[in-house]
Amino acid sequence: MTHNLNLWVIPLLPLAGAAINGLFGRHFKNAVVSFIALFFTALSFAWAVWAVWSAWPGGPIPLPHIESFGTWITAGSFSAPFGFYLDQLSMVMVLVVTGVGFLIHIYSVGYMAHEGGFYRFFAYLNLFMFFMLTLVLANNYLLMFVGWEGVGLASYLLIGFYFLRDSAADAGKKAFIVNRIGDFAFLIGMFLLIQHFGTLSYDHVFNALKDAQKFPVDAGWGFLTITAICLLIGATGKSAQIPLYVWLPDAMEGPTPVSALIHAATMVTAGVYMIARSHAIFNLAPNALHIVFVIGCVTALFAATMGIAQTDIKRVLAYSTVSQLGYMVLACGAAAYAAGIFHLMTHAFFKALLFLGSGSVIHAVGGEQDMRRMGGLRTKIPVTFWTMTIATFTISGFWPMAAFFSKDEILAAVYRSPYAGHLLWAIGVITAGLTAFYMFRLWFMTFFGELKLGAVDVGEEAHAAAAPAHASHASASHSHGHADDQSHGHGGVHESPWIMLAPLVILAALSIVGGWVGVPKFLGGHNEFDRFLAPVMEQSRTSIAEGAAALQNTEAPAAPPEEKSTTEWVLTGMSVLAAVLGLFFAWLLYYKRPDLPDRITAKIHGIYLTVLHKYYIDEGYNLLFVKPLLALSTLVFWRGIDQGIIDGLVNGAGSASKGIGNELRRMQSGNIRSYAAWVAAGGAAVIAYMIWLGVSK
Amino acid sequence: MVPLSWYLILSAILFCLGVFGFLLKRNIITIFMSIELMLNAVNLTFVAFANYWSEHGLKLALSGHVFVFFVMVVAAAEAAVGLAIIIAVFRTRETLNVDRVNLLKL
Amino acid sequence: MVHEILFIIFGLICVAGAVNLLVQRHPIHSALSLVLVMASLALIYLLLGAEFVAAIQVIVYAGAIMVLFVFVIMLLNAGAEEHSPGSKIALLMGVPGVIVFGCLVGWIMIHTSTQLGGVRINPSDFGDTHNIARLLFRDFLLPFEITSVLILIAIMGAVVLGRRQN
Chain B
1 MTHNLNLWVI PLLPLAGAAI NGLFGRHFKN AVVSFIALFF TALSFAWAVW
51 AVWSAWPGGP IPLPHIESFG TWITAGSFSA PFGFYLDQLS MVMVLVVTGV
101 GFLIHIYSVG YMAHEGGFYR FFAYLNLFMF FMLTLVLANN YLLMFVGWEG
151 VGLASYLLIG FYFLRDSAAD AGKKAFIVNR IGDFAFLIGM FLLIQHFGTL
201 SYDHVFNALK DAQKFPVDAG WGFLTITAIC LLIGATGKSA QIPLYVWLPD
251 AMEGPTPVSA LIHAATMVTA GVYMIARSHA IFNLAPNALH IVFVIGCVTA
301 LFAATMGIAQ TDIKRVLAYS TVSQLGYMVL ACGAAAYAAG IFHLMTHAFF
351 KALLFLGSGS VIHAVGGEQD MRRMGGLRTK IPVTFWTMTI ATFTISGFWP
401 MAAFFSKDEI LAAVYRSPYA GHLLWAIGVI TAGLTAFYMF RLWFMTFFGE
451 LKLGAVDVGE EAHAAAAPAH ASHASASHSH GHADDQSHGH GGVHESPWIM
501 LAPLVILAAL SIVGGWVGVP KFLGGHNEFD RFLAPVMEQS RTSIAEGAAA
551 LQNTEAPAAP PEEKSTTEWV LTGMSVLAAV LGLFFAWLLY YKRPDLPDRI
601 TAKIHGIYLT VLHKYYIDEG YNLLFVKPLL ALSTLVFWRG IDQGIIDGLV
651 NGAGSASKGI GNELRRMQSG NIRSYAAWVA AGGAAVIAYM IWLGVSK
Chain C
698 MVPLSWYLIL SAILFCLGVF GFLLKRNIIT IFMSIELMLN AVNLTFVAFA
748 NYWSEHGLKL ALSGHVFVFF VMVVAAAEAA VGLAIIIAVF RTRETLNVDR
798 VNLLKL
Chain G
804 MVHEILFIIF GLICVAGAVN LLVQRHPIHS ALSLVLVMAS LALIYLLLGA
854 EFVAAIQVIV YAGAIMVLFV FVIMLLNAGA EEHSPGSKIA LLMGVPGVIV
904 FGCLVGWIMI HTSTQLGGVR INPSDFGDTH NIARLLFRDF LLPFEITSVL
954 ILIAIMGAVV LGRRQN
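Protein chains in written order, with my numbering: chain B, 1 to 697; chain C, 698 to 803; chain G, 804 to 969.
Okay, chain B solo, but in the shape it has when bound (with noise of 0.2 angstroms):
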């Protein structure tokens, strides 16, 4: 190992950070606990940026960059390294993760100052960058679960950060079992990946799968595509798609920058990382890439009509979480690996900054999140309103910030998709044109009209929907926003200190010049971040257009199809009209005309509260999984198994003695006769015995 980045150290400084403020932080004060944190944090972002700076492709460093630190499992033929794994990919995640990392830990010493439990947030968030970093740089898939596991751990920690609230601790138990499901699914892909292939080690496998003779494009439903299904599914809980989306929304619960950091910027991508990592299986499983497909597509738009009818500043942003990372997991269905990583990293820009800038504005009103009681905040808050303003204008995909390249590119791929290409697509645009709606809706509803804190009488029906699905009626008339406890009576309204602004400028701006290194060829530029991952992408043997033809016993074509730049052309003009629509109806809706709502939502009723409930998906799932499985455990379980059996047997094993005891004590009676005949019967046995002994010789 001739050039030795010690990769090990960017995981393990955000975890001496934990160490330390974990277990003697109570005794800090505030200052000396952001300090140890920040500077782990710093080191290790220092750290990424000098390794990725050394290992820059081109360089003297070949790419992918193994180091292995020993063998953590040897069990047979099987066994599993401590080992990093440093390539064009895993660079891009290092970075965002540490990068906007660091800055949502800035952020956090302004917004959590007035908190308690100072220490234990920092500490908390210190872990979660540990576990964050070995599930990026790990190179098998046993430490990346290691990794996986601990995010889960860390989102539970953080998300019931409140947790002497009761719908805190709800939503973080929320997150941590529907995660669990997921994991489920991921281990037995991982079970039927040793099986076949002996190891976890992301060369190996891949290596392994270059191997045609072996491992044919897998047409049917054989070992490839159930594993690729495993794994999306486990991918599908930590991401958030349709079917196991429900611990995102309520996990709001937590405070804003734990919101930023792992349910928008990093935990939540790590699914799609997984997916991006695994390319080589999917790619050679063209059933489970058509299901990847349009689950994502299904869950983007989904998750937009939800976001349409949410009155909580921080639910509309959960929404368009699942909604983004529903593009991202359709990137990856049209096998546009690079595209859906690309979208991630701007989403990573974007989405902290509007998380940020959301609990700018909260602190600023004083801890209310409902968006019906804030508005004409634009002039009181100038530096969050801007930058919430180019988060809003990135977010509908407006030229030229940077998910419009990066949306564009993914919209582009679906189209090519030959799987219903065309359909998805349009699917795409509409749902570009709700996110559109659904953003400058919280935009205006924010910023422009008057401010009508307290003054609104807000239906019982929306703090219904407001609460999470298990509140209850107490915590209900809770949710008057004070979901973070930013309520501290400064005196009106009032701007961030500048420790909370200065992330959201350095955010902002990269979310403006972020796309730029994406720019397509049609508009004039070179797509740098697509050749960038080309490597990595171009492990898997086969492509998408292979794999289809497979599926459809058909030949692949020699050659992709040409690219017509006209075409091009038009899929971003439908996209950006879309957009375009989106801001138009929101304006008219919510600034033009405000009482066009109230009459709309009158008129569709049923639908509205339908959507308003989230279509009921939470009640749907407590009916048909949480109440059966409530009731199989107390009554088979506890009632049966546990007091029944086990009880019984260790009560029964007490009383038998008892029992016998009883019996027995009978036999010391006091009584002389009854000994003297005891010996008697025994002394007539024994000869008896010995006689028997002594003739049967």
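Everything labelled a hint here was simulated from the structure, so no lab data went into it.
Be a bit skeptical, because a hint or two may be false.
Stated by the list, open to error - To give a feel for the contact side, a few chain C residues facing chain B, derived at Cβ under 8 angstroms:
1) Val716
2) Phe719
3) Leu720
4) Val795
5) Asp796
6) Asn799
7) Leu800
8) Leu801
Said to hold, decoys possible - Residues on chain G that point at chain B, a partial pick, calculated with CB under 10 angstroms:
9) Leu894
10) Leu895
11) Met896
Unchecked claim - Okay, derived cross-link-like pairs now, EDC-like style, lysine to aspartate or glutamate, Cα gap no bigger than 16 angstroms in a straight line:
12) B:Lys380 / B:Glu495
13) C:Lys756 / G:Asp928
14) C:Lys756 / G:Asp942
15) B:Lys173 / B:Glu149
16) B:Lys380 / B:Glu450
17) B:Lys29 / B:Glu115
Since we're looking at a predicted model, the values are computed, not measured.
Even for Gly, the Cβ is constructed at its ideal location relative to N, Cα and C.
Using the hints, position chains C and G against chain B.
Positioned in the frame of chain B, the structure of chains C and G alone reads:
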């Protein structure tokens, strides 16, 4: 010539009668006497065998008699001590009925 | 011939005395039956040529031990036996046990009676005192000394136990 087995059967009968007395009588002193009866039966066996083996040339066949001697010594000692115990028990319990001396029950 | 007749007579006396011991109510009657048993046993010992043993049977057993029993019965002035609820175990397990034992032994004796030989009245000086003394004070000296210690202990025990508690 009396067969040896006759003596042994007599001894067995006396022994069994002794055990019956031990089991069925209620007076402590009678029970003690049954014990003496058992010991006597055993003595008879020893003496019979001593005679038998002397006929058949066993050296030290006379040790049967010596054994009887010792049995008697021990029986005497036991009778003395046992009757002392019975007197002591009688003083406290005022009864010689063995069923009433059952304080050692659980 | 004479031997058998004598044996049968004295044997029957033994058994009769033993049965009487069981049957009698008052302990004193049982004690006197036991004396009879011991006397007839002494005669049987004589039939077996055990002169010394017969002598000490009469002197020690019938003359000392039984006298002691009679003294105690007189001292305690216990009356006839009363009925009290007995032990069921004794009846259930003990009696059958003893019967089984007795039958076993009897069965064996009868079946092996031809293998065992017979005994006869021995004209030699078989059970003489000096022969027994020779054995006792030479080969069995140690047990002899130990039994003397045993008797000493028994005396002390009897004195201690029989004392009136003050």
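Cross-check of the supplied hints:
| no. | hint | result |
| --- | --- | --- |
| 1 | Val716 | holds, 6 angstroms |
| 2 | Phe719 | holds, 5 angstroms |
| 3 | Leu720 | holds, 6 angstroms |
| 4 | Val795 | holds, 5 angstroms |
| 5 | Asp796 | holds, 6 angstroms |
| 6 | Asn799 | holds, 3 angstroms |
| 7 | Leu800 | holds, 6 angstroms |
| 8 | Leu801 | holds, 4 angstroms |
| 9 | Leu894 | holds, 8 angstroms |
| 10 | Leu895 | holds, 8 angstroms |
| 11 | Met896 | holds, 4 angstroms |
| 12 | B:Lys380 / B:Glu495 | holds, 7 angstroms |
| 13 | C:Lys756 / G:Asp928 | holds, 15 angstroms |
| 14 | C:Lys756 / G:Asp942 | holds, 12 angstroms |
| 15 | B:Lys173 / B:Glu149 | holds, 14 angstroms |
| 16 | B:Lys380 / B:Glu450 | holds, 12 angstroms |
| 17 | B:Lys29 / B:Glu115 | holds, 13 angstroms |
No hint from the list above goes unmet by this structure.
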